[in-house]
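Just so you know, the sequences run in chain order W and E.
Heads up, the first sequence is in my numbering, so the first residue is 330 and it goes up one at a time.
Heads up, the second sequence is in my numbering, so the first residue is 17 and it goes up one at a time.
Check before you lean on any hint, since a few could be wrong.
Straight line, CA to CA, 30 Å or less: simulated DSS-like cross-link-like pairs of lysine-lysine [unchecked claim]:
hint: 1; chain 1: W; residue 1: 424; chain 2: E; residue 2: 241
hint: 2; chain 1: E; residue 1: 30; chain 2: E; residue 2: 18
hint: 3; chain 1: W; residue 1: 461; chain 2: E; residue 2: 241
Computed footprint of chain W on chain E, listed as stretches where at least three residues anywhere in the stretch have a Cβ under 8 Å from a Cβ of chain W [what the hints assert, rightly or not]:
hint: 4; region: 146–157
hint: 5; region: 163–177
Just so you know, the hints here were simulated from the structure itself, not pulled from any lab data.
Ideal Cβ positions, reconstructed from N, Cα and C, are used throughout, including at glycine.
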Amino acid sequence: MIALKQIRKSFGRHEVLKGIDLEVEKGEVVAILGPSGSGKTTLLRCINYLERPGSGHIRIGDCAVTCGHPSKKEIHRLRGRSAMVFQQYHLFRHKTALQNVMEGLVVVQKTPKEEARRRSAELLEKVGLGAKLDAYPSQLSGGQQQRVGIARALALNPDVILFDEPTSALDPELVGEVLAVIRKIAREGITMIIVTHEMAFAQEVASRIVFMDDGAVVEEGPASEFFRSPKEERTRQFLKRMTPEGVYNI
Amino acid sequence: MKLDPAFIGEAFVKLLSAIPTTLAITFVSVGCGLLLGIVTALARIYRVPVLREISSAYVTFIRGTPMLTHLLIVMFGLPIAIDALSDSLGLSFRSVQVPMIGFAYVAFSLTAGAYMSEVVRSGLLAVNRGQIEAAYAVGMTTWQALRRIVFPQAFAAALPNLSNSVIGMLHGSTLAFTASVVEINAKAQIVASTNWKFFESYIAAALIFWGLTVVIERLTALLEKRVARYDRGGVA
Numbered sequence: 330m331i332a333l334k335q336i337r338k339s340f341g342r343h344e345v346l347k348g349i350d351l352e353v354e355k356g357e358v359v360a361i362l363g364p365s366g367s368g369k370t371t372l373l374r375c376i377n378y379l380e381r382p383g384s385g386h387i388r389i390g391d392c393a394v395t396c397g398h399p400s401k402k403e404i405h406r407l408r409g410r411s412a413m414v415f416q417q418y419h420l421f422r423h424k425t426a427l428q429n430v431m432e433g434l435v436v437v438q439k440t441p442k443e444e445a446r447r448r449s450a451e452l453l454e455k456v457g458l459g460a461k462l463d464a465y466p467s468q469l470s471g472g473q474q475q476r477v478g479i480a481r482a483l484a485l486n487p488d489v490i491l492f493d494e495p496t497s498a499l500d501p502e503l504v505g506e507v508l509a510v511i512r513k514i515a516r517e518g519i520t521m522i523i524v525t526h527e528m529a530f531a532q533e534v535a536s537r538i539v540f541m542d543d544g545a546v547v548e549e550g551p552a553s554e555f556f557r558s559p560k561e562e563r564t565r566q567f568l569k570r571m572t573p574e575g576v577y578n579i
Numbered sequence: 017m018k019l020d021p022a023f024i025g026e027a028f029v030k031l032l033s034a035i036p037t038t039l040a041i042t043f044v045s046v047g048c049g050l051l052l053g054i055v056t057a058l059a060r061i062y063r064v065p066v067l068r069e070i071s072s073a074y075v076t077f078i079r080g081t082p083m084l085t086h087l088l089i090v091m092f093g094l095p096i097a098i099d100a101l102s103d104s105l106g107l108s109f110r111s112v113q114v115p116m117i118g119f120a121y122v123a124f125s126l127t128a129g130a131y132m133s134e135v136v137r138s139g140l141l142a143v144n145r146g147q148i149e150a151a152y153a154v155g156m157t158t159w160q161a162l163r164r165i166v167f168p169q170a171f172a173a174a175l176p177n178l179s180n181s182v183i184g185m186l187h188g189s190t191l192a193f194t195a196s197v198v199e200i201n202a203k204a205q206i207v208a209s210t211n212w213k214f215f216e217s218y219i220a221a222a223l224i225f226w227g228l229t230v231v232i233e234r235l236t237a238l239l240e241k242r243v244a245r246y247d248r249g250g251v252a
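Construct the complete structure from the given sequences, taking the supplied hints into account.
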């Protein structure tokens with residue numbers, strides 16, 4: 330479904346991604362964990378070419394791109410296969426919740442307006458915002474904005490949804506409502522790659538964990554094994570720091 | 017000499033006929049200037065090779081010289097260029113056939129363009145980078161993202177500055193008088209030339225300019241309410 334091969338990316342002389350390989354099957358929920366600066370967000374942003382990798386190959390479904398100098402058309406096609414949920418939501422500020430969700434359907438996928446409106450309203454209903462269709466982002470809480478962001482991504486019916494630390498900018502009390510929505514759509518078999526710091530959530534919702542450090546994948550494996558019996562020393566250190574004493578001792 | 021209040025009214029009525037000329041100069045220069053401003057601002061923000069350097073040089077030169085100088089340079093320079101071009105193409109067209117107001121249009125469009133470039137640039141920079149990233153992530157092309165997401169927000173952010181520039185160009189249009197264009201100010205001089213009541217005549221002109229400016233301010237306020245409806249920001 331999704332295959333990344335030897336993805337490399339440098340900012341100036343600093344190499345942020347040192348040849349990443351990653352495969353994700355259809356319906357899988359992959360959580361990417363790692364300390365800040367490990368390159369996980371950069372990797373996620375490379376998948377839809379918001380960052381341009383220096384070299385490597387990206388394939389989503391039947392759309393394959395060789396990094397380096399892809400044409401605008403190729404990038405555009407690749408972006409059409411994925412959707413993204415941003416840490417800072419990035420809702421279109423001049424559009425209502427409903428218009429935010431409709432925008433991609435109408436402008437990019439050329440869905441007739443009435444149908445787009447109906448589907449968008451359904452999706453907003455699904456994320457619990459059926460009463461906020463006409464609210465502007467500035468009138469919504471962070472949690473509500475992020476749920477609109479998720480509905481906007483779902484509307485595109487993409488091959489994969491990329492989550493870039495979807496709860497990091499939220500007040501602690503609002504994290505739960507967003508995680509609940511992600512949990513709900515994970516159960517529907519939508520392919521997702523989630524960069525997150527929510528360990529407990531990753532363990533619960535992800536089928537596989539990828540642990541990154543210093544621009545490389547250190548360890549990956551099924552969520553259950555990863556947390557119970559990490560293989561690498563670096564992983565153990567990280568988990569020890571991230572999880573309060575006792576939480577994972579059964 | 018005493019003030020003749022009655023003549024203020026009389027002059028006021030006579031000046032009304034010059035309003036279309038003033039408005040024409042203002043809106044042609046603002047319109048062309050805005051287009052020029054958008055192109056130069058985009059060239060600078062997106063660092064388009066060559067175009068970017070030209071744009072920067074244009075903006076700094078125009079903003080670094082008085083509006084009157086632009087008019088004089090265009091008025092004396094453009095005819096030479098037009099005649100030379102006409103000769104080399106073997107046409108019989110002469111620069112004297114160009115109405116004087118045409119030179120004012122060209123000169124003031126160049127003036128407005130440089131100021132608009134900064135207005136547009138500040139508006140574009142006010143839009144969060146995340147907005148265009150979100151548009152790309154949704155699958156839009158750069159042009160779609162600019163047109164549907166960035167420009168509307170940039171316009172809302174730039175509106176107060178834009179209104180300022182329009183008022184500036186309205187008042188600056190009085191310089192067209194140098195090119196013997198009869199706009200409000202020139203008309204005021206003509207109206208007073210028979211009876212020497214310049215003071216009254218200029219007061220009438222001032223009242224008209226004030227009125228036009230108030231109209232622009234009101235229109236801006238209305239527009240601002242409409243386009244910035246989504247944003248209840250600010251310190252007040």
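Each hint tested on the structure:
no.	hint	verdict
1	W/424 <-> E/241	holds (15 Å)
2	E/30 <-> E/18	holds (21 Å)
3	W/461 <-> E/241	holds (22 Å)
4	146–157	holds (count 11)
5	163–177	holds (count 5)
Hint compliance for this structure: every hint is met.
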